[in-house]
Every structure is written in C-alpha cells, then in structure tokens.
Amino acid sequence: MSNIILQVENLQTSFFTRAGEFKAVGGVSFIVHEGETFGLVGESACGKTVTGLSLLRLLPEPAGKIIGGKIILNGRNIMELSKKEMRDVRGTEISMILQDPMTSLNPVYTIGNQIGESVRLHQGLRDDMVDDEVISALRLLRIPAPEQRLSDYPFQLSGGMRQRVVGSIAMSCRPRLLIADEPTTALDATIQAQYIALFKDIQKQTNVGIIFITHDFGVVANICHRVAVMYAGKIVETGPTSTIFKAPKHPYTTALINSVPRLDRKDDRLYSIEGQPPSLLNLPPGCRFAPRCPDVQEICQKEQPPEVEINEGHTVSCWKVK
Amino acid sequence: MADILLEGRDLKKHYPVTKGLLQRTIGWVRAIDGISFTVENGKTLSLVGESGAGKTTAAKMVLMLERLTSGTILFEGQDVYKFSPSQLKTKYRPRVQSVQQNPWSSMNPRMRVRDIVAEPLIVNTKQTKQQIRSRVLELLDQVGLASNQADYYPHEFSGGQRQRIAVARALALNPSLVVLDEPVSALDVSIRAQIMNLLKDLQAQFNLSYLVIAHNLATVRFMSHSVAIMYLGEIVESGEAEALFQNPLHPYTRALISASMLTLPEDEDKGVKKIILSGEMPSPLNPPSGCRFHTRCPEVMDICSKVVPEVYEIGQQRVKCHIYANTKE
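Going down the list, the protein sequences come from chains L and H.
Numbering-wise, the numbering used here puts 268 at position 268 of the first sequence, and it's gapless, one number per residue.
Numbering-wise, the numbering used here puts 65 at position 65 of the second sequence, and it's gapless, one number per residue.
Quick caveat, the hints were computed from the structure, so don't treat them as lab data.
Watch out, some of these pointers could steer you wrong.
[What the hints assert, rightly or not] Restricting the straight-line Cα-Cα distance to at most 27 Å, the calculated cross-link-like pairs of lysine-lysine (DSSO-like) are:
hint : chain 1 : residue 1 : chain 2 : residue 2
1    : H       : Lys273    : L       : Lys266
2    : L       : Lys70     : L       : Lys84
3    : L       : Lys246    : H       : Lys91
4    : H       : Lys12     : H       : Lys89
5    : H       : Lys274    : L       : Lys204
6    : H       : Lys126    : H       : Lys91
7    : H       : Lys200    : L       : Lys266
8    : H       : Lys89     : L       : Lys266
9    : L       : Lys70     : L       : Lys83
10   : H       : Lys274    : L       : Lys200
11   : L       : Lys200    : H       : Lys273
12   : H       : Lys273    : L       : Lys204
13   : L       : Lys246    : H       : Lys129
14   : H       : Lys200    : H       : Lys60
15   : L       : Lys200    : H       : Lys82
16   : H       : Lys91     : H       : Lys129
17   : L       : Lys246    : L       : Lys266
18   : L       : Lys83     : L       : Lys65
19   : H       : Lys270    : L       : Lys246
20   : H       : Lys12     : H       : Lys91
21   : L       : Lys204    : H       : Lys200
22   : H       : Lys91     : L       : Lys266
23   : H       : Lys306    : H       : Lys273
24   : H       : Lys43     : H       : Lys89
25   : H       : Lys270    : H       : Lys43
26   : L       : Lys84     : L       : Lys65
27   : H       : Lys270    : L       : Lys266
Take these sequences, add in the hints, and give me the full structure.
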C-alpha cells in the first residue's frame, strides 16, 4: 500500500451548549493513504461533517472543541500546531469542498478573485503571477475557456460549473489531502456523474488523498476505495468498498444498505429501521445502535463493543462479531 | 386503457420574460411544452427528470395552482378547466391533494398537529367538532402516529414524523389522487424507507392514485407503476415502469439510469462503464432545434438537430427519438 498521509486516532469532538455536552464525534480512528478515496458514510447528525471540520480545525469556537485524540497529517500531529502554523497547513496540505456551491462562493467577488485569494495567501505569489495559477487551477477542473471565466461572477455559472470552481479553489495549491463534504448532493444525476469522473481523473493526476463525506451509497460505491460507516458519533464498520456492500457485518450497515431502494431490481417492500438515532446529549451506555438493533443482546445495552478486525482492513464494532 | 382517473393532453406552460419599465415581453420560458400523460385508478405515475425539466411545473398544473397556457386536463373524463369556481371547490380540489417536499416549510409552526390535520375538514366539510376530532385521531393512527401526539407542535417531531403529518393532512378528505412532490428527498436514508412503505400501504388500503415527482430513479422504480422521463419541458420516454427500467430506449433515459446505477470498483475492472453526458441542460428560454437532447446525445445523427422527432410506440413504451424511426409498426 502507498504512503499514509493521514492518521486519526480516537478523535473526540464535543459542542458545549446550554443544554449540555453534545458529543458529536465520540472517538473515531481511521487512516487515509496517498491517492486513495476514503468514504465517511452516515445519516444526518452522525458526526461525519464535524469529523471533517475537526481535521481542518475549523470548528465553530468556542462551542465546538476537540477534546481528545490525535490527528497526524504527513507525520506531525496538527493538534499541537499554533493557529498561525495551522493556517499554513490549510490550503497547501489539506483543503475542503463544501456541499452547496451557492453558499460557499461569495456572490460579489469574481471567480478569478476567489481562487486568487487562496493562491495569494498560501503560495505568496506576486500579483502578476496569480492569474496564471488561477487559470491552471480552472483547467485542472476542466472548466471551458478559463481565461474568460476569471471575470465572471458565481451567478453567471450553472450549479455544476460553480461546484467545479469550488473544486478549483480547494485544489489550487495542490493539497495532499482533500476533504469533500457532500460535494455532489446539490447536483443533478448526470452532472453528478460528470463531477465524480472528473475527480477520479484529478486523483490519478495529482495523487491526492480524498475523504469523501456523503449519505449516498451509490456515490460511495462509485468513487471510494474504502468506507467507514458512522452512527451517532462512532464508526461502526470500516472496510474495502466491495466488502462493505457485499458482506456487511454490522447490523446497522446491513440495515442501511437494505433500506435503500435498488435501481437494478424491483423491490416490493423496503427494509426499514424502526425508531430514530439517539440524542447526542444523552447517549446510551452500551452500543449506540442497541435501541434499534434487530439482533440486540443483553451485553449490548451495558457495554460499548470493542473494534474487532475480522479480515485484513475490515473492522467491526459489534458484540455479535468475534 | 380502462380506469383512467386523470389525463393530461398536450399540456403547455410558457412563462413570459419581461424587460424594462413597460414590462415588454422579450421571450418565453417554455417550462413544459406539450406533454401528455395518464394516471390510472389506484396506480402511481412518476414524472422523472433533473432540475429544470419541468416536472414541478407539471405538478402545479395538475393541482391547478397555476393556469395552463394550453392543453386539457381531464379528471374522470371531465375537463377541469370548464369547472366553475364552485364546482372546482366541490368536485376537484378535495379529491386532489398534495404532499410537498419539505416538511419543515409545508406546515404552520404555530398550529398544533390536531389543527393542521383538521384544517382541510373545516374548510371543505360541514362536520361537527366531535366528528372532526375523531377523524383526526383516525388519520394520525393510519399514518403511524400516536393519538397523544395530536397536541404537539410541528417542531416537536422529526422529519419523518412531520412527513407523516403531511400525509395525514393530504388524506383527510379521502382524495382519489395525491400529488407527491419529492416526498422523501428531504429525509434521511433509513427514514425514507419507512415513508415509502407507508405510502405504498396507504395506496393499497384506500385505492389511491399517486402522481409522484422525483429525481431519484431507485425511489421511482420502487414506487411506480408507470414512469415518464422528462427533459427540458418534454417527455422523452414513458411507459410501464418495469419495461422501461429493464429496457430503456431513449439515450437520455439510458444515461440517467447509468449515472444512478450502483457500480462497485470491481465492476469497473470488469469493464462496466458509466455513460457520462457532456455539457449541461440548455436553457428552456431558447431550446435547441430539432430534438432538444441532441446537444448532449451520445448517439446524435444529422437529422436530430433539424427535425423534431415523433413519438414511437414500442411495446409498452413510448419514445421520442429518431433512432426508432424505422421500427414503426
């Protein structure tokens, strides 16, 4: 396997609110290799976006805090960096694409200006050299006629093109790791397919590692090499994409995959998971999925299951699996 | 075909584009441009397409929230545009109800669930308070909510439960047709399954017809009896759902199915390739000549940019594409 660029160990992030401590991420560990796409999948409020923001140390302060764990990026623990040092890491080593290009671009600045901003800040280029860098970033994302796009405003572009501009900003300083948070959710099916194919190409060209955050299993299957399934702030299962799809071991993964209607066959009835995820303010003492689990045992309600590696690279946290 | 509840014939809706102080009309947005479809009793028709295809406009026409530019909508054989306002209120509106996409914005946050579900009954019927009260509890039970939840406000519910309230409200008047505009796309994956199962159960129980507006093909295959695929204001292919999904004929349908199909990394190694369309949907302000899909079609021919294709009937499908010109029966 190629080099590890990111190693996350027991990351814990909480939000301290008037109502109490909101345990958004309750100890997650994973690694990302160079040139690999690692998927973080789960439903709303399972902690996938907060994990992404924690890696960039961009949590809304003072409410959000990383309260434990290590984030080792390119060999150093970025939790120990000062704010200024962290600023240098962002953009050049690690960057992010957000879900909605309508809100992540500034409507009153031109495209050239917005991509130029990150180039200027992170690469310290002279003004006359910025445009060339911007054009090459636009070209990387295959935006047609990039020279003319420089003076365009976001409203002049379609949704798909806007999301490519967001991609250009993220890739403009050629980071080693890219966090993509639901980058295709706001796009139409055919445009989504274009965007994913484009990112596969960019990854081949630049060998960037990608953390792909999504709730859409179809997208995961298409782009990710490995996947981690999250539930209520914890990773319940990690493994190679095909293994997760064909032989899921955790009851939540199985239920989630079965509850999605299939395009390649006609289902008469969908499997549905009864109930709802637990409140992050008041988590059950044992396995967090226990209240909804069809195979629940006595121990599940009392103790959290350990993470067990059942095959190489396939780990599951469930009492049923030994 | 027997048992047609609703039929749309050659529906068109063009919105004027105006400019200047005098609001001169400088062009028309052809949101829907000559579509025809039928909804059968107790069955589901889905209108599928990407944003800008005109599917929501079509739903608004059926709900009569906006008036058609031209075309006819027949409900049980009667032209709904010929109804007087009072006939419309007694014969059409109570029997055609809708569930909107976003359960966070489709309900008044200041009303209790009890009042939200009761409102259609208060407006449209002369039932007594006692009758309404028991009907509301019956409806909540049918959608899987407990009777003690009737006094809660919408914010006290999760998204899935709120969508259940919206369904209860839509069913209050025993409608024949329910227009479901993206009924599950705002919900989480595991909750979607609950709502889709519920909608299917209710359809079987009350012999409801559904007109579903959706962009997710897998959802559509699960829900529908028949499907119409829309592109830029037109229906490019329609037909019986299973026939269409097993053997898509129009190049756009094929691309759409291919783009949404689940492919694992090893499928790709085996040579399964997705059809990736180039470009984006053109503006409905100035649609391409000939076939509207020709600018992105992977199987484009010379004729496509010049002549508007006819609709060809092949088996249980109808397809608007020149490729099938020679297979005409």
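Outcome of the hint check:
1. A threshold of 27 Å between alpha carbons decides the hint, and for Lys273(H) with Lys266(L) the separation of about 22 Å falls inside it, so the pair holds.
2. Under the criterion of a C-alpha separation no larger than 27 Å, the hint pairing Lys70(L) with Lys84(L) is consistent with the structure, at around 19 Å.
3. This hinted pair does not check out: Lys246(L) and Lys91(H) have alpha carbons roughly 52 Å apart, beyond 27 Å.
4. The straight-line distance between the Cα atoms of Lys12(H) and Lys89(H) is roughly 24 Å, inside the 27 Å bound, and the hint therefore holds.
5. With a C-alpha separation of about 18 Å, the suggested pairing of Lys274(H) with Lys204(L) holds against the 27 Å cut-off.
6. Of the supplied pair hints, the one linking Lys126(H) and Lys91(H) holds, its CA atoms being roughly 16 Å apart against a limit of 27 Å.
7. The straight-line distance between the Cα atoms of Lys200(H) and Lys266(L) is roughly 14 Å, inside the 27 Å bound, and the hint therefore holds.
8. For the given pair, Lys89(H) sits about 38 Å from Lys266(L) by alpha-carbon distance, which is inconsistent with the 27 Å threshold.
9. Pair hint Lys70(L) plus Lys83(L) holds up; C-alpha atoms about 16 Å apart against a cutoff of 27 Å.
10. Between Lys274(H) and Lys200(L), the direct Cα distance comes to roughly 13 Å. Compliance with the 27 Å bound is thereby established for this hinted pair.
11. In summary, the hint linking Lys200(L) to Lys273(H) is supported, as the alpha carbons are separated by about 14 Å, within the 27 Å threshold.
12. The hinted pair formed by Lys273(H) and Lys204(L) meets the criterion: a straight-line CA distance of about 17 Å does not exceed 27 Å.
13. A threshold of 27 Å between alpha carbons decides the hint, and for Lys246(L) with Lys129(H) the separation of about 55 Å lies outside it, so the pair is violated.
14. At roughly 23 Å between alpha-carbon atoms, Lys200(H) and Lys60(H) fall within 27 Å of each other, so this suggested pair holds.
15. At most 27 Å may separate the alpha-carbon atoms for a hinted pair to count; Lys200(L) and Lys82(H) exceed this at roughly 56 Å.
16. For the hint pairing Lys91(H) with Lys129(H), the CA-to-CA distance comes to about 23 Å; that is within 27 Å, so the pair holds.
17. About 19 Å separates the Cα atoms of Lys246(L) and Lys266(L), which keeps this hinted pair within 27 Å; it holds.
18. Restraint check for Lys83(L) and Lys65(L): satisfied, since their Cα atoms lie roughly 14 Å apart, inside the 27 Å limit.
19. Between Lys270(H) and Lys246(L) the CA atoms are separated by roughly 17 Å; this keeps the pair inside 27 Å, and the hint holds.
20. Simply put, Lys12(H) and Lys91(H) have alpha-carbon atoms about 24 Å apart, close enough for the 27 Å limit, and the pair holds.
21. Annotation: proposed proximity of Lys204(L) to Lys200(H) is violated, straight-line Cα distance about 45 Å (limit 27 Å).
22. Restraint check: the Cα-Cα separation between Lys91(H) and Lys266(L) comes to about 36 Å, which exceeds 27 Å; the hinted pair is violated.
23. Distance restraint check for Lys306(H) and Lys273(H): the Cα-Cα separation of roughly 30 Å exceeds the 27 Å cut-off, and the hinted pair is therefore not satisfied.
24. The straight-line distance between the Cα atoms of Lys43(H) and Lys89(H) is roughly 24 Å, inside the 27 Å bound, and the hint therefore holds.
25. Pair hint Lys270(H) plus Lys43(H) does not hold up; C-alpha atoms about 39 Å apart against a cutoff of 27 Å.
26. Only pairs whose Cα atoms come within 27 Å are accepted, and Lys84(L) paired with Lys65(L) is accepted, the gap being roughly 18 Å.
27. Of the supplied pair hints, the one linking Lys270(H) and Lys266(L) holds, its CA atoms being roughly 24 Å apart against a limit of 27 Å.
When each numbered hint is compared with the structure, violations occur for hints 3, 8, 13, 15, 21, 22, 23, 25.
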